[in-house]
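Q: Chains as they are written, first to last, in the numbering used here: chain X, 1 to 142; chain S, 1 to 158.
Hints listed in this document are in silico derivations from the structure and should not be mistaken for laboratory results.
Hints are supplied without guarantee of correctness; some may be wrong.
Just a sample of chain X residues kept apart from chain S, beta carbon distances all over 10 Å, derived [stated by the list, open to error]:
| no. | residue |
| --- | --- |
| 1 | 27 |
| 2 | 37 |
| 3 | 38 |
| 4 | 41 |
| 5 | 76 |
| 6 | 91 |
| 7 | 100 |
No more than 27 Å apart at the CA atoms, straight line, and that leaves these computed lysine-lysine pairs for DSSO-like [to be verified]:
| no. | chain 1 | residue 1 | chain 2 | residue 2 |
| --- | --- | --- | --- | --- |
| 8 | S | 75 | S | 145 |
| 9 | S | 58 | S | 88 |
| 10 | S | 58 | X | 45 |
| 11 | X | 45 | S | 3 |
| 12 | X | 121 | X | 13 |
| 13 | X | 88 | X | 45 |
| 14 | X | 121 | X | 45 |
| 15 | S | 145 | X | 45 |
| 16 | X | 14 | X | 88 |
Coverage of chain S stretches by chain X, computed from C-beta distances (three or more under 8 Å per stretch; other residues unrestricted) [unchecked claim]:
| no. | segment |
| --- | --- |
| 17 | 36–48 |
| 18 | 142–155 |
Think of the CB as a built atom: it goes at the ideal place given N, C-alpha and C, for glycine as much as any other residue.
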Amino acid sequence: MQPTLNPDSNQLKKDVVLFNHWAIDRCDYNIGDVVTLRHPDQPEKTVIKRIVALEGDVVQTRSPYPEAHVRIPRGHCWVEGDEMFHSKDSNHYGPVPLGLVRSRVEYVLYPLNRFGRIPDKPRGSRVRYAPGHKVYNRLDHE
Amino acid sequence: MSKYFKSAALVLQVACGVQLFNNYIAEFTWCFGPSMLPTLNMTGDIVGFEHLTQRFSKLGTGDLVVAVSPTDPSKLVCKRIIGVPGDKVVIDPVSPHRQYITVPPGHYWLMGDNLSNSTDSRAYGPVSGGLILGRVFARLWPSPKWINNGLEEIVEFS
Chain X
1 MQPTLNPDSN QLKKDVVLFN HWAIDRCDYN IGDVVTLRHP DQPEKTVIKR IVALEGDVVQ
61 TRSPYPEAHV RIPRGHCWVE GDEMFHSKDS NHYGPVPLGL VRSRVEYVLY PLNRFGRIPD
121 KPRGSRVRYA PGHKVYNRLD HE
Chain S
1 MSKYFKSAAL VLQVACGVQL FNNYIAEFTW CFGPSMLPTL NMTGDIVGFE HLTQRFSKLG
61 TGDLVVAVSP TDPSKLVCKR IIGVPGDKVV IDPVSPHRQY ITVPPGHYWL MGDNLSNSTD
121 SRAYGPVSGG LILGRVFARL WPSPKWINNG LEEIVEFS
């Protein structure tokens, strides 16, 4: 998830972030949210990724995913790390059921020079969104 | 006044204890639907499920489990584990054209006991272990009984 979390400027320090569990209990999943989820193949492992697409969207995948385009099935999402070349995300293990998502990462608490909300990422052109999906890009409002 | 503070503190402590017990040890839930006949009723049962087996031991074939539905994260499903990671299972036992699938690592193949009326892994594929909340160990109501893994070893006749 570099450079959003643990960028190289941290050197050996680790980020401290705030998780919001209530949003996920309400099933409030949005495109662009950074979330923690249980790894689909190793449930004791927790990973942090960004939700890029929800059910019904068509995603243009990157290697090593076997198919070029994927339509996300019902109740699933497509997660990707912000560091596209070094991330093991849905391009490795496919669409992730939303039940595996544990909490939403909202704020960076430490180090203090990056204190604040997790910034959003500009939407690329690799996802064709299904009609009715609220695609809210916080970058437009800053 | 301090009497009320003490009772409020006690209520808070009991509530926290119950919440921790529910999250880490065992809890009860309402389970209804025809997909688990005849083991569970169609009109609804209260079943107890525990979280310890998945954390300290392994879930095995034949265990009844409660899981988050892969198609709707706000709903729970109660099914039986038919395949553990590495098993080769038949996708649809009733169809004339038999197809097999190897259960991928970290996933389980779930099927309801009432095959003719159950949406299970035959529809949505192998279920990730992270979706499984716990193993059902008892039915509390209407007729309390322990629910066991009812499988027996097949004796080879040679």
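Q: Each hint needs a verdict: does it hold in this structure or not?
A: Okay, the hints, checked on the actual structure:
1. 27: Not fine: 5 Å to the nearest Cβ puts residue 27 of chain X too close to chain S.
2. 37: Per Cβ check, residue 37 of chain X is inside 10 Å of chain S; nearest 8 Å; violated.
3. 38: violated, 3 Å
4. 41: Contrary to the label, residue 41 of chain X does not stay out of reach of chain S, its closest Cβ about 4 Å off (not over 10 Å).
5. 76: violated, 7 Å
6. 91: Non-interface label on residue 91 of chain X holds, nearest chain S Cβ at 17 Å vs cutoff 10 Å.
7. 100: violated, 5 Å
8. S:75 with S:145: Roughly 25 Å separates the two Cα atoms, so the pair holds.
9. S:58 with S:88: holds, 18 Å
10. S:58 with X:45: Holds - the C-alpha atoms of residue 45 of chain X and residue 58 of chain S are around 16 Å apart, at most 27 Å.
11. X:45 with S:3: violated, 46 Å
12. X:121 with X:13: Between residue 121 of chain X and residue 13 of chain X the Cα gap is close to 23 Å, so the pair holds against 27 Å.
13. X:88 with X:45: holds, 13 Å
14. X:121 with X:45: holds, 25 Å
15. S:145 with X:45: Violated, at roughly 35 Å.
16. X:14 with X:88: Holds: residue 14 of chain X and residue 88 of chain X sit about 20 Å apart, inside 27 Å.
17. 36–48: violated (count 0)
18. 142–155: With 0 residues closer than 8 Å to chain X, the segment 142–155 of chain S misses the three-residue bar; violated.
Going through the hint list in order, the structure does not satisfy hints 1, 2, 3, 4, 5, 7, 11, 15, 17 and 18.
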